[in-house]
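S.K.: Now for the letters of each chain:
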Amino acid sequence: MSVGAPKGLASSGQKPITEILHPLSAAEEPLSVTVNVGGDKEAGLTNGTPVETSSPASASSLFNRLQLDDDLEADVRDLYASTETRDLFVTVDDPKKHVSTMETYITYRVSTKTTRIEFDLPEYCVRRRYQDFDWLRIKLEDSQPTHLIPPLPEKFVMKGVVDRFSEEFVETRMKALDKFLKRVADHPVLSFNPHLNAFLSAKDLNKRQGLALLTKVGESVKHVAGGYKLRARPAEFCAMGEYLDTFSQKLGTIDRIAQRILKEQSEYLTELREYGTVYSSWATSEEELQRPLEGVASCVKTCCGALEDQSESMSQDFLPVLREYVLYIESMKNVLRKRDQTQAEYEGRLEAAILRKQEDRTPMPVEVEKCQDKVECFNADLKADWERWQSNKRQDFKQLLTGMADRNINHYEKCQAAWESLITLLQDKQTEDKTSETN
Amino acid sequence: MAEDGKEESVATDDESDHTAADGTGSLNNTMVEEGSTLLRRMEICVAEAEKRSGKNAVNMQETFTVYLIETRPMDAVVEGRNPAPDALWRRYSEFELLRNYLIVTYPYIVVPPLPEKRAEFVWHKLSADNMDPDFVERRRVGLENFLLRVASHPVLSNDQILYHFLTEEHGWKEVVYETGFQAKADSRLRALSATFRVRNPDKRFMEMKHYSDELQSHTSQLLRARARVADRLYGVYKVHGNYGRVFSEWSAIEKEMGDGLQSAGHHMDAYAASIDDILEEEEHYADQMKEYLFYAEALRAVCRKHELTQFELEMASQDLISKKQQREELATGIVRTFSFKGMTNKLFGQEAPEQREARLKLLEELIAEGEETVKEKTLECEEHVEKAWVDMQRFKEQKDKDLREALINYAVMQISMCKKGIQVWGNAKECFLKM
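First to last, the sequence lines map onto chains A and B. One point on numbering: in this note's numbering, the residue at position 162 of the first sequence is 162, and numbering is uninterrupted. One point on numbering: in this note's numbering, the residue at position 332 of the second sequence is 332, and numbering is uninterrupted.
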């Protein structure tokens, strides 16, 4: 029942949740071992099956059961699966600038290593630009509307405000594209999407061609008939919607706070620079005090530099990620809305069919059954993706916030070092003076 | 500065103004060692401040603050006896009176300044109210500092009026007025006029005067800039408090992430709150700078006094010269320069010999007086130059030492602030890692 994926492969493409490394951490960050899947109540509640053990492997069996594609063999296999069940590895790196008469743009190298049979070759190396990633995402959304597609970094950047070709900007964007692609590649369903295949392997991505491989469910969900009213949304989807609303709101607040801090810091920096120059100019009228005063001026200058770095870094790395998430949440809410529509259609048709049945005893039409399938499919996909999303979100924010803490710590460390070296300088002079006095 | 740790803890607040980072109170020692100053014989501190109300000169009710001055004989302290200190209350205006007296009586001394009368260079959260307890406390420290500086000065510490100030509560004001110091004060106009008209001031004093202008300009710039920086830094820290609230709200909708977020939020609140203490401590540094801002004024006053004495000497010399010329003309009949007498002689004829004799005699007397005056003025001028130069050197050394220590202490404060920041963010990071 999984969208387009051949049976059985769904499990071999998965990794147990707990072992999905955060894409940006490579091998360093040990995934939080405190993740107790036994505490993952959401999953436990939704399908009612008890979690046998709290080993990581059981997470994957749980995951499998959430896929309607109940491959019991796969369950058993996965219970003893090694961490190397992943068979598709992607990386985005090596940004290069291209200058043509029409435009200037950046391309990135997209490298793929895989053992999957869907791919002709085991390795690929292509160059893609942001537009291509955008195309991929749109295609994924269109063809897999019941799934949550990972977000892309913001498309539009205000010219004049942000330098699209600055090292930092390109670096940040590249990391976000890498994260996006890795998440797609890790997704048990999305990773088998033919558009992804094309993206990773085609020499030239002919976007206008549009691969006509839309899946059944994709098509049908796209053409959901409007005008149906939803009766009762299952509690878990209500909860998802509420969560997303509140979360989005909180993220907006955090964004505003972060921006305000940057503004205050900038004004502080202006005054601090001026303050430093006062010491320098005072030093010119002093003899004995000249060095100490210049020392202070220099320390203040160092602190200014450190703060500048921190502010820039927050602006480049922190705020964009926050904003991505807000967009991401919007797209997720869209998916929830589509789910509602699908359910509404089913309920509407069911009701109509029941009435007709009562009248003239015709059997349950096939469309109604198809609708039921659609709804159940959608619900299952969504639930599975929700867990994945929650886990990724947790990683993302852990990284984001520790990054913020690190930047602040780094800034204070630089300042502390500067002032400490000043004290050493001044105290050396003092002992120098003292010994010369006694001599 | 008090010599030993038996001093009440209030006095040690003052030590932060002057002690080196190693905390041994080296300035302390310098102040006490020079000569046998009052401070060697007597322990002084300004222990408390209290609000009083009473009727003032125009019979209106007013509220003011009085400060408790405690003194103890040093030998008792050294011997380990702990007699109860003698104590009396003084208000700020009495300190002002003392200082004015000292300025007039010792015009060749760079007289230590008083703490500011009204709060200036205030950044917005700091109170500009004279009755504010923090301001009163800092002023108490400043007044103690003033007394200690004066009592350890090789010249000022021997003054009787100072001794009375510290020991006799009642009737002190009358004694001060009886010295008639107010009459001796130079009029502003006279001093200003001298500055413009003096011909040959001592070059060293002119340089020193220029330096005092620089010192004043730079310290006031520094204080203003520092207040602006403090204001902004306050804003930065306080905005972080908002993270505390939003993390708390966010944690309510999270499961695994909830605890980590909540605790991190508390650390953000702590971070925002920490700025209050940090900036309060920095006020001590500002007070040290302020002292030297006001010291610059005292230094300039000594230079101006030189200009005045030099000017008066020049005037007296000039006067003597012109009188001697007059005598010459009268004696020889040769008129070298234009004179009224010369004109009238030409017009109306020579005067009678008796009149000439009388005038000559008068002139001789005046010349004798003039020579005495020139001698006096020369002595006054030279004495002033000599004594003032010594004290200005002493001041220079003191200033270099004090300000260097102040800068070191400032650096220490900055390091402490950085360490606090690292700690708080480190704690927050741990919470984030547990999310």
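There could be a bad hint or two in this list.
Per the computed footprint, the stretches of chain B lying under chain A, defined by three or more beta-carbons under 8 Å from a beta-carbon of chain A, are [said to hold, decoys possible]:
1. 48-54
2. 230-236
3. 411-425
No wet-lab data here; the hints were simulated from the structure. The structure presented is a predicted model; accordingly, all values stated were derived computationally and were not measured. All C-beta atoms, glycine included, are put in the ideal place defined by N, C-alpha and C.
S.K.: Flag every earlier hint the structure violates by its number, smallest first.
M.R.: 1
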